[in-house]
Amino acid sequence: MKYTRTVQAAAIASVAAMALAACGGGSGNDAEAVASASLNADTKVEISFAGWSLKSTPEFQTLVDAFNKEHPNVTVNIHEYSADDYDTQLTTDLSGGTAPEVFPIKNLQKYYSYAIDSNGGLADLTSVADAYKSDKNIDISQYNIDGKYYALPYRQDSWVLFYNKTMFEKAGVAIPDGTWTWDDYMKAAEELKQKLPAAGYDANSVFPTYHHNWQSVFQSFTTGQSAATVDGAKKNFLSGDYSYMKDMYNNVFLKAQDEGLTVDYNTSTSNKVQYQAQFGTEKAAMLPMGTWYAATLVSQQKSGDANKFEWGMAPIPQSSTVKSDDGKPITFADPTGLAISGAATGDKLAAAKEFVQWASGEGGAKALAAIATTPAYFSDSVVSTYFGVDGMANDDQSKKAWQEHDTRPENYVDKKTNDIQAALKIMNSTIMTKTGSVDDAIAKANADIAALK
Amino acid sequence: MTSVTATPSPVAVKGAGSPSADIPFNKQPVSPLRIVGTVVGYVCMIALAIFMVLPFVWMFLSAVKPNNEVYMVPIQWFPSVWHWENYLTIWTKAEMGLWTGNTIFFAICVTFLQVFTGSFAAYGFSKIKFAGRNVLFLIYIATMAVPWQSYMVPQYKMLAAMGIANTRWSIILLQAFGAFGVFMMKQFYDTIPDELSEAARLDGLSEWGIYRRIVLPLSGPSIAALAIITFTNTWNDYMGPLIYLRKNQLWTIQLGLKTFIGQYSADYAMIMTGSVLSVLPILVVFLIGQKQFVEGIATSGMKG
Amino acid sequence: MTEVASKPVASPAKKPKGGELTTNAIGRRNLRNGLLFIAPNFIGFLFLVLGPVLSLFYIAFSKWSAFGMPKFNGLENWTRLLGDDTFKHSFWQTIYYALVHIPLTLVIAFGLAVILNSKLKGKAFFRTIAFFPYITSIVAAAQVWSMLFDPNAGVINQFIRLFTGGEDGWAPGWLSTTEWAMPAVIIVATWREVGYFMILLLAGLQTIPHELYEAAEVDGANGWQRFWKITVPCMRPTLFFVMVTLTIGSFKILDLTLVMTNGGPGDSTYVLAQYVYQQAFQQGNFGYSGAVSLVLFFLCMIVTIIQFVYNNAKEK
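Protein chains in written order, with the working numbering: chain W, 3 to 455; chain X, 18 to 321; chain P, 1438 to 1753.
If we strip away everything but chain W, and leave its shape as in the complex, we get:
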């Protein structure tokens, strides 16, 4: 019968598809190939570089322009990706062997998969990392997988407490002094709740603080502050027992929404509340948020999208029991890194290597700081460039909060990270929407993670 032939043809086509599938992926640059690649200043080289939402994210163009000044022979073409679906695009790119030479690793959640599962999709950058290992101005340790590095950070935001100085002063409440624990934070919020209406703020729509609806807000401080060292925190994260999160849910996050200190989680998710609008239009006096928000706030105050008020950054409130070994406040945030495609060779590889090394170092950091983007390299001149930006808060506490912290990752790099985050996401949604008790939700997450292989 003819259709059997058709089915055969289809089968052949599918085999062909699978065979084609095999030729994707990188050739797998080993450490030596990267180490020995060197850029000749006279050769003209063109490399491609992935970035997202270029109009609203000027950092990519800024990096390229600044790099170009120092290396006029290298042309860097930016390919525009989606900020939302970057990882979906990068996965297909790496799979199909069409990835650009240099691309960002947006956070640490998929870093392990890109680095290890892709089997040579990412070049081994250990030799480049060596230059920064003992440099006090940059922390590259979060990219370390068994002594090897497949990406280097060029941005290292961290979470701080933004506060509206004007609102605090009008209400007559003391601003954060840099030593706050979560209890102090809650007390201040309660005091604000009482005093803000008298200061002329609408009691129905203005809140003392705003807890945005991201999973990390409710979990990553807790995990980061659960141990004195980053290794201890990582151990807790991978332990499979999340009862250590219970107190923070009960005493801070659930309490805050029960007492009306913040927009509650359900409203926040179903109305897609924008934290920029909450804080920028003075609907919240405090906002725990990543340092990236500073740049947005500066530009929105200039454009009129945000009200004009005095603001500052304070260290994020701390646990009252656990202190960091190095004495700095413990906070969290994933670095944003740059990786090189395993398929890059020759001059392209050399140029890509030069670009990544430069972007992670002081050169890239200064260019980023000048547009109020938090870089990964914190030398004194970078700090003064950043706080020299017009409209930036520049009191000493803000500088200190921005610069000095013990930053733990949001996603601890491990092969189980993805699965754990997925289970914790459901747990968080259950707790914060109050569709299940804290105990039950934690027990379910524990069970789900125990069921993983």
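It is worth saying that the hints were derived from the structure and are not from the lab.
A portion of the hints provided could be inaccurate.
Claimed, not checked - Within a straight-line C-alpha distance of at most 27 Å, the following computed DSS-like cross-link-like pairs (lysine-lysine) qualify: (1) P/Lys1500 x W/Lys108; (2) P/Lys1500 x W/Lys436; (3) X/Lys264 x W/Lys350; (4) W/Lys138 x W/Lys57; (5) W/Lys418 x P/Lys1500; (6) W/Lys237 x W/Lys57; (7) P/Lys1556 x X/Lys308; (8) X/Lys308 x P/Lys1558; (9) W/Lys195 x W/Lys310; (10) W/Lys71 x X/Lys308; (11) W/Lys57 x X/Lys264; (12) W/Lys417 x P/Lys1508; (13) P/Lys1500 x W/Lys417; (14) W/Lys436 x W/Lys189.
Once you have looked at the hints, place chains X and P on chain W.
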């Protein structure tokens, strides 16, 4: 809930007045009961219509709001300042013109290919009795049952290896040969009595002749429906362009509007402006297409 | 029209027409003509759709992170499925969604199509309005509906409280409760898709010859009888198409739940397609994700084949 369950009520109301009011060519004397029924029916339809367009109205109003007012607690319907200029700035601030051009190009190519090859293949499946027809047809339907996310990557690898990824061809090829059009047209051709084509065959008309002279003239509404739906789906497709296109010059509106979403923030007012503009061409196509839905097209030469 | 689908090969072959054309010759001619008509679409379909789809049948039995070649691992993905609570949960959520959404959408869409195919004044206007939800940005739709669904201030609950005892009366919590989140999603999905299926059904209604109704009227059939004796049988091919695409679409529901609830609260609207996407693109388990989508595939195919067989039986 109220809006949706209210839908059948016009039927019920009309049914009460005159049980056969819904059937065409029904001529009965007008009774007072029927007039009341009609009025109530219209009121329900209009109430329903309001529910249908409410989100569109919100979209339209949000398009002219300051960005921070788009999502507010509690929701705010009208802007504090009307930013009508958003409709102009989107053309200069973003490459809206370019994206629109690309989207029109893709939508027209895909619609043409889908309708053309689909109606052709549908004729083969519906009117020619060849061996293996049912199995082949079921295979077509079966591919629709597989979620695209799960074979997206192998498909991408194949097109990337052929050098088609990141070109206009990728979107056109990707969308044009889905099973949807064949399935839909085949089912519509099945409603055309076989006696017609059998008789023509006995008269010595070739298969092409039967398709061209008998089947095609009868398929106006179904081709219009397929064209509207293919055009709309291609126009609004986001995942396809997302996976395949990395050059801004090739972008579609849906992909382009995503540039207003940054890593931590978004320009929602501009997105809404773009979305409102993006609906207009679909409306035009819909209005042209629905002209085909005229009663009585399926009468010629048939006796049931 | 009727024997076409059920008896594909045999019927024309049994009565050879004319002297010179043998059974075989007719079969060969039909095959050649059939394939000629199908070819332009089939060639593209074979390489661009069928090939990649078939590769899934291998991927589902292997370990694959989307990079390099899938590694065959036998039934490992499938035994894991059996013990996977998240999978089971999302499976039942999907069934729940489909079981309610399919009949609801079908009945309303059919009703609307019949009304808008009658001599109603302004039907062109209403047809256009009915299609609006389908072309409204899904983000805008989700936003407005969550406002309508607001447990306290929402219009819907205010209306419900008119019947349940005023201000303090009972009303569902909709998107903020695990029990009512799925019904809310179903309502919005129905609202969104009714116009779309209405267009398809309308096109089907238009192909019914008026002579049939006239003849029935002469025979004295009333409206109800004409609906069941003429409209429904003549619409059967269209209804089959609508049922199958509606079923498949319901089992594959994803975009709406992503935008409206992202699977929450908790995991109350977490459906299979989201699990497929999550396992593949977020967890990097393309093999396991492939197994889940095959479950989805078999689910769709069982329902489709039942409809196919029923449809063919009904037609004969």
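A quick look at each hint next to the structure:
1. P/Lys1500 x W/Lys108: Within the cut-off at roughly 25 Å; holds.
2. P/Lys1500 x W/Lys436: Distance of about 37 Å is beyond 27 Å: violated.
3. X/Lys264 x W/Lys350: 20 Å, holds
4. W/Lys138 x W/Lys57: Measuring from Cα to Cα gives roughly 33 Å; hence the hint is violated.
5. W/Lys418 x P/Lys1500: 16 Å, holds
6. W/Lys237 x W/Lys57: Cα-Cα ~40 Å, so violated.
7. P/Lys1556 x X/Lys308: Holds - the C-alpha atoms of X/Lys308 and P/Lys1556 are around 15 Å apart, at most 27 Å.
8. X/Lys308 x P/Lys1558: 15 Å, holds
9. W/Lys195 x W/Lys310: 22 Å, holds
10. W/Lys71 x X/Lys308: 60 Å, violated
11. W/Lys57 x X/Lys264: 15 Å, holds
12. W/Lys417 x P/Lys1508: 18 Å, holds
13. P/Lys1500 x W/Lys417: Holds, because 15 Å separates the two Cα atoms, which is no more than 27 Å.
14. W/Lys436 x W/Lys189: 23 Å, holds
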